[in-house]
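Student: In case you want the letters, here they are:
There are 4 protein chains.
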Amino acid sequence: MNHKPGFEGRAGITRVEAFSDGVLAIIITIMVLELHAPEASGFAALWALWPTFFSYVISYNYIAIYWVNHHRMFGHARVVTNGLLWSNIVLLFSLSMIPFSTAYLGKHFGDPVASAVYAVSLLAPSFAFLCLESSIRRSGSQSAESQAYYRSTTRKGTFAAAIYALAVLLGVFWPYVGVTLAGLVGLFWIVPYGPLDSLFLRCEDLNAS
Amino acid sequence: MNHKPGFEGRAGITRVEAFSDGVLAIIITIMVLELHAPEASGFAALWALWPTFFSYVISYNYIAIYWVNHHRMFGHARVVTNGLLWSNIVLLFSLSMIPFSTAYLGKHFGDPVASAVYAVSLLAPSFAFLCLESSIRRSGSQSAESQAYYRSTTRKGTFAAAIYALAVLLGVFWPYVGVTLAGLVGLFWIVPYGPLDSLFLRCEDLNAS
Amino acid sequence: MNHKPGFEGRAGITRVEAFSDGVLAIIITIMVLELHAPEASGFAALWALWPTFFSYVISYNYIAIYWVNHHRMFGHARVVTNGLLWSNIVLLFSLSMIPFSTAYLGKHFGDPVASAVYAVSLLAPSFAFLCLESSIRRSGSQSAESQAYYRSTTRKGTFAAAIYALAVLLGVFWPYVGVTLAGLVGLFWIVPYGPLDSLFLRCEDLNAS
Amino acid sequence: MNHKPGFEGRAGITRVEAFSDGVLAIIITIMVLELHAPEASGFAALWALWPTFFSYVISYNYIAIYWVNHHRMFGHARVVTNGLLWSNIVLLFSLSMIPFSTAYLGKHFGDPVASAVYAVSLLAPSFAFLCLESSIRRSGSQSAESQAYYRSTTRKGTFAAAIYALAVLLGVFWPYVGVTLAGLVGLFWIVPYGPLDSLFLRCEDLNAS
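Chains as they are written, first to last, in this note's numbering: chain A, 1 to 209; chain B, 1 to 209; chain C, 1 to 209; chain D, 1 to 209.
Quick caveat, the hints were computed from the structure, so don't treat them as lab data.
All clues given are correct.
Here are a few chain B residues that face chain C, going by a calculated C-beta distance under 10 Å:
hint: 1; residue: MET31
hint: 2; residue: ALA37
hint: 3; residue: ALA40
hint: 4; residue: VAL57
hint: 5; residue: TYR60
hint: 6; residue: ASN61
hint: 7; residue: ARG72
Over 12 Å on every C-beta distance to chain D, these chain C residues come out as not near it, computed from the model:
hint: 8; residue: PRO51
hint: 9; residue: ASN82
hint: 10; residue: TRP86
hint: 11; residue: SER94
hint: 12; residue: LEU130
hint: 13; residue: ARG151
hint: 14; residue: VAL172
hint: 15; residue: PHE173
hint: 16; residue: TYR176
hint: 17; residue: GLY183
Every value quoted in this text rests on a predicted model; they were computed, and no experiment measured them.
Cβ atoms here follow ideal geometry from the backbone N, Cα and C, with glycine treated the same way.
I would like the entire structure built from these sequences, with the hints used as guidance.
Tutor: This is how it looks when you write it as structure tokens:
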């Protein structure tokens, strides 16, 4: 049998979503605790905070994008399988590491280790997201709309994961290149219904027809 | 098409509201972590905490007001558009900066930079709230009641944003004046159904009839 | 009109309850952050943590009791009035101060100021709870069962508030007496359906019949 | 009467579950705050964090398992009794101690006190879980499926508690043995529908038929 007792039907999906929302809401908010009000007065002391602030903006944006895509994905789910449950738990775990890796990058901007760690921390949730998608693809809705969504997500997700992996390697040798590359991938997901996505969908619709 | 998959109809609205509630509940509560129990015993050590405590009261009140107005606003929403989703994410981001700016003000009361930063941190969510309102106005309920609500909120919101902008400027030259001015704006929103609001609504009802 | 737009009917009540649950879940959990793993190894360093641990147990218990009573109370609410909304916001605020006052007591056990502050922090939410109850009594269910509940809660709440006020005064002169007195009041609420409560209800049922 | 006002029927169960979800989401996420980005750059400083990171992985996994089993268990509940309410509150309390005990273990790996404390912190929620199960068994669903679930959970839970108790004792003399033993018990619950569980269920089905 495929379903998990205590997580039956749409109610089970809703429960997993609600728990994920809780974890994401906490991850997105605790990062602000890293912003400590400077003890010294004046503009110079405040300005010294900009890397931490910038890290916070980036991380906030990433988590927000995952939250939007998480709901979009769960709109196609039908049953809570073991695969869905645990790939979701792994996804939330890997997302909970982003505050750490961004703080580390903020403290050591331009350092090869920090750049690689940062790219790894973006690679990990992108893998977990692909696992989650693969799990929902097998047990979820099989409508034409869902199929198009799965194809688009797999394509975009695999592409993103490949770029992140490249960013890990490049980050070791040219830190700024690695970080910039990893950061650019975010743009794919910020505009999930924008021109980029339409392009992907259109090609696939042609293939499917 | 206007709606976002995974956020269809009222269920989508409810989801965005629930996530916002989670973030607001965390923002409103983590501020208390800034209140550290003094190591020294006696009343003097406790009394030294009053600026931090006062900051906490102010911030708590601001976030509570936004929570109340956020729900009031979402009562008029009908679909989750990209505009609604992202202006809400920006609103939550700007609200998450209030604990920082208030702590900064608490540490440097009377400092021009701290006063300006504080006023900016109140100006930012007021802009985001206007964007959110504009997004809901276009895609939400078009009933006479909703129209009256939109008019009242736009008027009050624009007025508040103008005062905050003035407070930023004044805060640079006369810190206490800037902070006092910014703080007074809160009163508009504390009494959203009070005499002030009735006054605004009445003028508009006359214009509309 | 009495109700608040965006908080209509039972759905509005549920929303206020869900937000309160979120805040209470955070308050009850952040206290554990005060328990820092000792740097030194061995049993002595661990044992030195007992006042903080004890404080955590007490505070956890208090918040849990308020959570249970909060739901019990909201079971009788029918509409979200301004009074309900703001007395609930004040209640959550005063409860958010308990971690602070308990940590302060843990650091300065036996100090008159700490004892008085602790008793004040228990007195404040008990006042807010009475305000909330008074607001729900006026706008909520008027069934015989609800009436009995209101009478019982007012009686118990007023009694508790009086003891807390006494504990504040006594704490200034005899710290241990004040704290013990304040702590004992918790027992009333731990056993809300126990023999104590039945006694109160029985007297009132006699009066009402 | 058995039920608690304000927590009637399935809605009451859902409420207790939602609050528990909130607390679990916070516990699982605040642990990441213990991971501080190292001040020094380079791989050595990062590598020094591995015990803390490892502790975080272990604790995250434990809380995730409890979250899954908590929902599975509540799927069989029918009414909110005093026993269910308070054993759930005690369960959440004991789980909130796991971040502390794991951080303590991470700092003093191989220390007898740390090993015993760690095993005690795993023993405590396993006791609370058995109490919760016993409370739900008495007041919850009595279907054949639920009965099989209760038998399986009692057997597995008692077995786990016994191993944890043994780990406490062994940890005092051979720290590594105690911790390894306690850690291994987790495997039982990671695979709640795996081969191990089927084995248990099969034996019991034979006994029951």
